[in-house]
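Student: The chain contents come next:
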Amino acid sequence: MVNLTIDGKQITVSKKATIYEAAKEAGVHIPVLCYAKKLLPYGACRICLVEVEQMKGRLIPSCTTPVTEGMVVNSISDEIRKVRKTVLEFLLVNHVVECPVCDKGGECDLQDLTYEYEVVTNRFEGEKFDLPTDEINPLIERNMNRCVLCGKCVRVCDEIVGYGSYSFINRGFETKIATAFDRGLNCEFCGQCVSMCPVGAILPRPFKFKARPWQLKEVDSVCGYCGNGCTVTFGTKDNEVQTIRFNDKNGVNDGNLCIRGRFGISYVNSDKRLTRPLVRRNGHLTETSWDDAIQVAVAGLKAAGDKLGVISGARLTNEELFLVKQLAKTLGTENLDHSGGECYKGVTEGLKETLGIQASTGTFPQVEHCDAILSIRSDFYETHPVFGMVVNQAVRNNEAKLTVIADKRGKFTKLPNARTLLHKPGLELNILNAICSVLLDEGLAKTDGIEGLNELKDALKDYSADAVAAATGVGADAIKQAARELAQADNAAILLAYGLPYTAYSKELGTAAANLALLTGIAGRPGSGLYLCGEKANSQGAVDLSILPGEKGLGAQQMLAAAGTGELKALYLIGEDPLTSYPDRALVEKALEASFLVVQDLFLSPTAQKADVVFPATSFAEKDGTFTNAERRIQRLRVGITPPGEARTDFAILQQLIQEFGGQAPATSAEAFAALAAETPGYEMVSLEMLGPQGYVWGGDILQPESKKLLPVAGAVAVDGDYQLLVGSSLYHSGTVSTGAKGPMAVVSEPYIELGREDAAALKLVDGDLLKLKAAAGEIQAKVKVDRRLPKGVLFTPYHFSQLELNRIYRGQAAIAVEPVKQ
Amino acid sequence: MSRINSPAELESFRKEILSQRDPDKPCITLCSGSACLATGSGKVFAALEQEIEKQGITAEVSFRTTGCHGFCEQGPIVVIYPQGICYLKVQPEDIAEIISATIKEQKIVERLLYVDPNTGEKSSLEEDIPFYKHQQRLVLGANRKIDPKSLEDYLAVEGYQALAKTLFEMTPEQVVGEVKDAKLRGRGGAGFPSGVKWDFARNAPGDQKYVVVNCDEGDPGAYMDRSVMEGNPFAVLEGLMIGAYAIGANEGYVYVRQEYPLAVSNLAIAIEKAEKYGLLGKDILGSGFDFTVKVHRGAGAFICGEETSLLNSLEGKPGEPNARPPFPATKGLWGKPTNINNVETWANIPLVINKGADFFSAIGTENSKGTKIFSLVGKVNNTGLVEVPMGASLRDIIFKIGGGVPDGKQFKAVQTGGPSGGCLPENLLDTKVDFDELTKAGAMMGSGGMIVMDEDTCLVDIARYFLEFLSDESCGKCTPCREGIRQMLKILTNMTNGLGQEGDIELLQELAETTKGSSMCALGKTAPNPVLSTLKHFRHEYEAHINHQKCPALACKELIAFYIDPDKCKGCGACLRKCPADAITGEKKKIHVVDQGKCTRCKGCFEACPAAFDAVRILSGEPVPVAVPEEV
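Chains as they are written, first to last, in our numbering: chain A, 1 to 823; chain B, 1 to 632.
Since the hints were made in silico from the structure, they are not lab data.
A hint or two may mislead.
Some chain A residues near chain B, calculated using beta-carbon distances under 10 Å [as the list claims (entries may be wrong)]:
| hint | residue |
| --- | --- |
| 1 | Thr65 |
| 2 | Thr86 |
| 3 | Asn94 |
| 4 | Gly172 |
No residue lacks a Cβ here, since even glycine has one placed at the ideal position from N, Cα and C.
Given the sequences, and given the hints that come with them, work out the whole structure.
Tutor: Below, the structure is given as structure tokens:
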């Protein structure tokens, strides 16, 4: 700690603090333009200059200068005021003053400072910038005539996002921020640059001319897309979420968001939302009253007796999931499940059988300080981009050694010094086994208090680094090196995302990752962590609340199969669109056809179109409650807008159904939370009051394993065939709901089949060509996208789009053997 | 000879080289520095080669091209040893005579000797030429003795002796101590004590460290580093390796301007040869010390001479400075501790090690030790590179070595320290040239630029010129430098165009102070120096420009008028014929008149008017009298 004086106030701050940070702590206001808490010190705008008694004769940039013992700082004086005012005059010389029509007006740092320093006239004049506005993409507008060259966009894109879209070009007065070759912006469109821009130079296009900042009502909530659980702040007006506001005070994401979180909100105000209940009459779904719809549903479900099943999505709140569970109980069925591919089994079975827990052991911020990180699949960044940004920072700021076990390249594999273990599709398990085997062979494994060591050793005999290298196409040295780094790191992390398109070997991968976490000592060690991250906003909540089949109950796939054969008579699907997103379309089609079907959703999804009753439900922006993210952080959702038409919250619908069946449901969401906390392991001590701006992490920063048991896992066998199709997530989408949002659709509007350049050349395909893929179970076709990240013979398609009908050939395989036919 | 594996092998190789050289054998050296190449050294080289063969003296004479001798005004330069006979401005057609007269008959070719413009005296020997006589060429001296492409030549002048001593007789601490004791200060501009800087990098935690040579010399008219790098790359590399050993680095980078192709190619040859002899690479001289060096060419930005910008550029990022701290010594290239010194600083290191700290620190003034190379240019008779002990006076450099101002003009000012240095007037000519005295006087040492100005130079225009350069070169990162320089330039341009206003001086002063006090790096912090120093010493010129639209030096085109004095004009028509703008009317024996509307102020008439008449006058700040073209 260091003692210093600022404006006569004596304070003690960390020796790593800058003068600016110390002043902030002391409650002294120093103006800044180019400073941002989460970015490295930069010091370009020179607004934050102060006087330091020990450094007379010049002004000191407070945002870059570290404090020293005994420092005496004056944050304001006539001289400082004069210089700051001159700097503002300088900035205003060429800044195009368009405040009346600039969306930033009212929250523009330059405008505020100009006002604060009373820059009424400008002694200087000069040419104004006259640069064309970049509005090629529909999401981010760049008007460089308003730029003050603070460089925050350049830095956030480089330091946090790790994309590097921007750089300064030219010099002196000609300096400007540009993209490569000064072309239109074409990037991940996470909009971090939008959130950082202190002026109106980078703006969210969907929000243009929608509202003045002071007209917006701000509501803090949690993003409804993925398991990262980013906090978002809605800016609402006219009962619409007009925009997502920058807020780095809440949650775990430091104000960072991805394209989905920032630009994917529009589906909540979509005119395609269901606004009235529908009931199938004479073969057609027709609008009806709630009473009628409820009665039809209740009658249908009652008629099925106990031959029914309930399948929920993982984007319901904990409180709603609790009601789902209660409803199942009231209905007297153990046929309860979520996420039809059973992709969560890595957590519910893999981790459970080894570590005795069903959740990630660490929290996201700890990963920034890791020395070694293993990501199983490059897709981790695509499914959890904001957690991915933490990994970026670990690599950049902490020189973490990143190893990616990958069947294709991706954002992670491009990070500085990333080691990519590029393997034949489906063989992740074999490599995890090989890493474990290296740890044991080289005596690097931590084996104290661990059960099952001998069995594992025996089982790993066939998985020496050399043997696995030969089978998977990965270098043996790379495997060994990765093992050593993980074993030797003080802090290490293992990342694995799960979700509907990653069903194959889900349990086995969880077990293999847990084995590795045990042998490296990662599981339960402070600073380290094993992260199994769910695809959906409340995937972890669904596991915590045990939205799973009971002992005698059927899982989602089994329920669908049973419904297809008539064993089950009715299905109640809440926030799920199995027809689009579950593996094995034939199975789903048959089930939906044969059973009495109640669907509860925002849109008339392909599944809903098959229903007998459709309940219009509400989006995350229209309800309160809690989500539990992939690091066990329980956070609050708050009502931003009211639902359209007669749509009701899932909570209200479930509440009524429970009552119709004679059950007792909590009256409010708060009551439901208290009730669920009481019976959910880990939640026992949690109350809503404990959920502060950063939420509450159940189990603490480090969740200790309850057992340490190694379990042998058999490796996989490579898929035969010249061409193999991988199924997965695209960065711009999440599940199927993002296909109803303008932002993600503006970037990726339709399904595609991605393939590498070599294959494209061999098949004589270019971007946009139509390609048919024939597989054993059927065929799909889509436009071609040629990229560099796929190895020869490997193709990729994202699973989000209903029109692709991907599950005609995707039945949960790790890779699908296909025959490509140019159309 | 192959790899040299020990100091003993190095010494025996050196002896072998020296034993093959007969000190009495005539040796013709030809300067092949960039300046001499520009004045035709290449053709002279061809002629020499041809003539030596033609006259059949291949065996009797040795012939060597060397680096820059420094007397660039007088190139191409040929020096014939052992006597040291110096021929200047040598052209290919002079070669036959030089060989037949001087080599064969020991006769001097008088017309190629140096003639003192002030006394008319001739000097036949290099050492007698006043330009050389008053210098102390400890660093630049080797340039004229060695072929920069020859490792053998470098070994012949004690090359690598310091490295051998360092690696085998000294600990890294001792090396740093020696450099500290020598009180060597960085030659790049800031004058930071090199030993102290080395110690920072040495003590900074980290296994991987780097050393960097800053050869991004960007000051207009300055080329000290260029000449050292072109003429003696081995010395720079040797210094670099000694520094690397001292701070614990095994990798080095040389950042050279793209505009220095000869430096790049000579450096590349030097690296290749040093590698071949085991004087670079693994296990140098069998010491166990490894060192590799890479050459990086800068893309032509002045700012990249600033160390953090240079490192950014080296990493492939835009050449812009970083906030310091952290300093490169703790967080430099790729975030690792890095010691970066300028070419001349590195070239001083072998000297410090060979001769010792006591020898070095005996030269110079209290706080500035050793010698310094200056690039003496502008309105001075002997332009070129000058190496003098620290503490030499400006007067001695400009008048004794530089031979004073040509054409009998009055000395007006000298600008030291490059574009962001300061202009010092005549009454400060006795200022001792060292880091502190120059700063005290309102100028700075900089990297060693020295531009002499005579009475015809307008100091307002000079300030404008330097600010124009700096405005172009400001990287644009921080606001005060990006915009402050531009605004100062705007005011100065207005002044030189006769558009100065009351209050401009005060505004300039404020802008200068703001830019100086609030810019991020040395470029912005020193950019106002030309304004501040000229305002301090030549304020009356500013006032004349603003208050009377008058340029006292008669240099600002917009403020002057050419007028033909009717009393003096003889109607000869010389001016009329010269005028490119048809602005002069007149007939034989009639008084000529300048049409001010057409005149482009090219000064042609002024120069054309016969000295005997001296009829063309330059007016400024006064109305041009109306003249009638009447009979003479």
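Student: Against each hint, give a clear statement of whether it holds in the structure.
Tutor: So, going through the hints one by one against the coordinates:
At its closest, the beta carbon of A/Thr65 sits 8 Å from a beta carbon of chain B; the interface hint therefore holds under the 10 Å criterion. Using the Cβ-Cβ criterion of 10 Å, the hint placing A/Thr86 at the interface with chain B is satisfied: the shortest such distance is roughly 5 Å. For the restraint placing A/Asn94 at the interface with chain B, the shortest Cβ-Cβ distance is roughly 8 Å, inside the 10 Å limit, so the hint holds. Interface restraint check: A/Gly172 against chain B, minimum CB-CB distance 4 Å, threshold 10 Å, status holds.
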